[in-house]
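There are 2 protein chains.
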Amino acid sequence: MRLTRAGEYAVRAVLYLCSKEAHQVVGRLEIAREMEIPAPFLAKIAQQLARAGIVEIVQGSRGGVKLRVSPREVNLLNVVEAVEGEIFLNDCIMDPLSCRRSPFCSVYRVWNKARNQLRQCLAEASFSSLLAEGLCELPPKVKQKDGTYGLEKGNHGSILL
Amino acid sequence: MRLTRAGEYAVRAVLYLCSKEAHQVVGRLEIAREMEIPAPFLAKIAQQLARAGIVEIVQGSRGGVKLRVSPREVNLLNVVEAVEGEIFLNDCIMDPLSCRRSPFCSVYRVWNKARNQLRQCLAEASFSSLLAEGLCELPPKVKQKDGTYGLEKGNHGSILL
DNA sequence: GATAAACTGGACCTTTTTGATCCTGTTACT
DNA sequence: AGTAACAGGATCAAAAAGGTCCAGTTTATC
Ligand code: FES
Ligand code: FES
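In the order they appear, the protein sequences are chains A and B.
Residue numbers for the first sequence follow the working numbering, so the first one is 397 and each next one is one higher.
Residue numbers for the second sequence follow the working numbering, so the first one is 397 and each next one is one higher.
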């Protein structure tokens, strides 16, 4: 009952793209570095996002990934389901034929309600609104003793997301 | 993002117990048979439900499982979390320290809202209300050609739940 | 008290999913 | 032509899910 790493990476990647100028091509390595995503893994995730029509992959030298829709038109549900598949919460709802009582089952109805609620909640979170909260820019850099700027020491499991 | 088999079995088992008279001890094999749960697996699940205080296990000859609370006092959330652990939906929420931006992250807030919604939805579904809908009794038996009564042929993934 | 029925708790096993990497080939900029 | 960069399938390791087994213990019943 948990979002997979791939799902979280996808959200981060799209968030990063949304923070850039529209239709700007961004290199895979740049995204991977900035968002702390394993680069080869991001390749797969980008492909899934491309299949879902959320991003477009530009091949060749100076290639990379670019957003294909506006941040207003894409939401958390789109991105998560692009890499995780449709959200179902339980088996009876994923495949109602597997349980012939589903149309009459009160438990089924509760899960169904929960599922609709969850999907709607994610669907309401468009990336433009997430960015509008202005809270997902890169974390403040800290001046280090050696004069360079770097991240704070300690727990920084993820930079942006 | 899916309920495990163990979670579903737990719901079925408790549902079955709730359909019995209060404080009645029911044998593990009976529950397993009626609810189509692998018997040895049910043993583990029963232990988890017992640890959570939902059921009580009676040892010795003629032992089994009995409900320790009234169907009004137990809900889907209790049972599911007893076997699956607390529901979190994503890693940042499970362990906020793993991500130092969590107090400021708009994505985090969406997941948090989704999580609260989901848990509340499950918490509102008490077993007494599930039973009250009167729709989870055993499916209608069908008279077979050989004269015995059995289940309908075909898709009956689960009997009760 | 002996016996049998029934659960305990941990070890063990298999399959699936997750998370990730690698390699060969293709595309496109310069 | 050369090179930077992605495509996409093969592969792999670790973890979780799903389930089984067994030696030991508890309790009812004879
Ligand atoms: S048992 Fe499958 S829906 Fe209730
Ligand atoms: S990144 Fe962990 S909460 Fe937003």
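No lab work stands behind these hints: they were computed from the structure.
These numbers were taken from a predicted model, which means no experiment stands behind them.
Using N, Cα and C, we set each Cβ at its ideal position, and we do this for glycine too.
It is possible that part of the hints are untrue.
[Stated by the list, open to error] Here are a few chain B residues that sit away from chain A, every Cβ distance over 12 Å (derived from the structure): (1) 403; (2) 419; (3) 469.
[To be verified] Some chain B residues judged to face chain A by a derived CB distance under 7 Å, without partners named: (4) 397; (5) 399; (6) 422; (7) 437; (8) 482; (9) 486; (10) 489; (11) 502; (12) 510; (13) 513; (14) 514; (15) 521; (16) 526.
Hints numbered earlier in the text: which of these fail when held up against the supplied structure? 1, 6, 7, 8, 10
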